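Top to bottom, those sequences are chains P and D. Quick note: the first sequence uses our numbering, first residue 1, plus one each step. Quick note: the second sequence uses our numbering, first residue 1, plus one each step.
Hints were generated in silico from the structure; no laboratory data involved. Check before you lean on any hint, since a few could be wrong.
Stated by the list, open to error - Stretches of chain P that chain D covers, calculated by requiring three or more beta carbons in the stretch to come under 8 Å of a beta carbon on chain D:
| no. | segment |
| --- | --- |
| 1 | 15-21 |
| 2 | 39-45 |
| 3 | 54-63 |
As the list claims (entries may be wrong) - Straight line, CA to CA, 27 Å or less: simulated BS3-like cross-link-like pairs of lysine-lysine:
| no. | chain 1 | residue 1 | chain 2 | residue 2 |
| --- | --- | --- | --- | --- |
| 4 | P | 20 | P | 6 |
| 5 | D | 44 | P | 6 |
| 6 | D | 154 | P | 20 |
| 7 | D | 154 | P | 81 |
| 8 | D | 44 | D | 154 |
| 9 | P | 81 | P | 6 |
| 10 | P | 6 | P | 22 |
| 11 | P | 20 | D | 44 |
Keep in mind that this is a model prediction, so the values were computed, not measured. Note that the Cβ used here is the ideal one computed from N, Cα and C, for glycine as well.
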Amino acid sequence: MPEDLKAQLKSMIVERLFLKVKPEDIADGANLMETYGIDSVNLFEIVCGLVYEFGLMLAEEDFSIEAFSTVDSLAELVERKREG
Amino acid sequence: MTAIRQEPVSREVAGTPLRGMAYQPAGERRRGLVLCDPFAEEKKSAQSTLGTLGRALAAAGLWAWHFDYRGTGDSGGEFAEFGLEDWRADLRTAVDFARADCGVESVGLLGLRLGGTLAAQVAAEVDLACLVLWEPLLDGARYVREIRQRSTIKHMLTAAEGAPAPAPPGESGGLDMGGYLVTPALLGELSALRLTALAEVSAPVLLVECNARGQVTEPGRALVAGTPRAEARALVVEPFWQRVGLVDTSGLIATTVEWVANPGAPHA
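Required output: the full structure, derived from the provided sequences and hints.
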């Protein structure tokens, strides 16, 4: 998994959620909901980031707790959607 | 400290009352703003900020009225009976009400999200002292897509918790948005919304964007381009209309009140 993709995802998450942490301090495998208290409103912000900053077209079946739980899983989702 | 008053006032539109809170300055109320709500969940999240804005405007000597569109909040009528043109009519009525019944000589509109888009559309038709747009909806289709995504996320989280799942988007023919059942017809109207220019607006315009970078976006720049009396600013403010908890919007309110007190004048 490209490290720069994960770094971009972390920057997007910190910026869109106004988190008071440095992007590099987010562990790749940290559960975002448990670690940062991410709720449905925050998840929506992440979805907007994926759509408007990463250019993804998300379908109904892309929405799963597993896909949005960590930076690792988000990176997998981005790669999978980019591969089409 | 200037004494201000805050009181509920109403005005009928086609037999249905528009109700809202008026913020009255201590002295003469020569100038004022009608505050135009966003929609559904965004309306709930923005309630506190718009109330604070109303009080800040009154403290600065301006009258303000923050009302509910027909079919929403405290106003009369059933939600399903109204559409966007009805709410634009509500804005026109609110401006007339401010002038004719409240003695406000110079009236402007301030709208957030959907309220901003409706206010910009109405501003092309009525004589206004100023127009303030806080993060107006520029692309209705995108807005509706985001509404559906939010609904899908809620559905996903509810299912993960093992709770009874709400109806997924579209299954009931409409969409539950913060307790409002948005009909396919209204979704269609929302989808068709486009705000790409303010060319027909003659009043001074302030567009405010709220984001983490404090930079005006390209669509924001495009919106004000070609309108000599329009300017765009960006502030580092969380999207409070999407948040459940408190968000510091003091900078947004201070910037807005300062501009409205002297719209169109150069500001630092």
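*Checking against the hints above, which ones are violated?*
The structure conflicts with hint 5 only, although it agrees with all the remaining ones.
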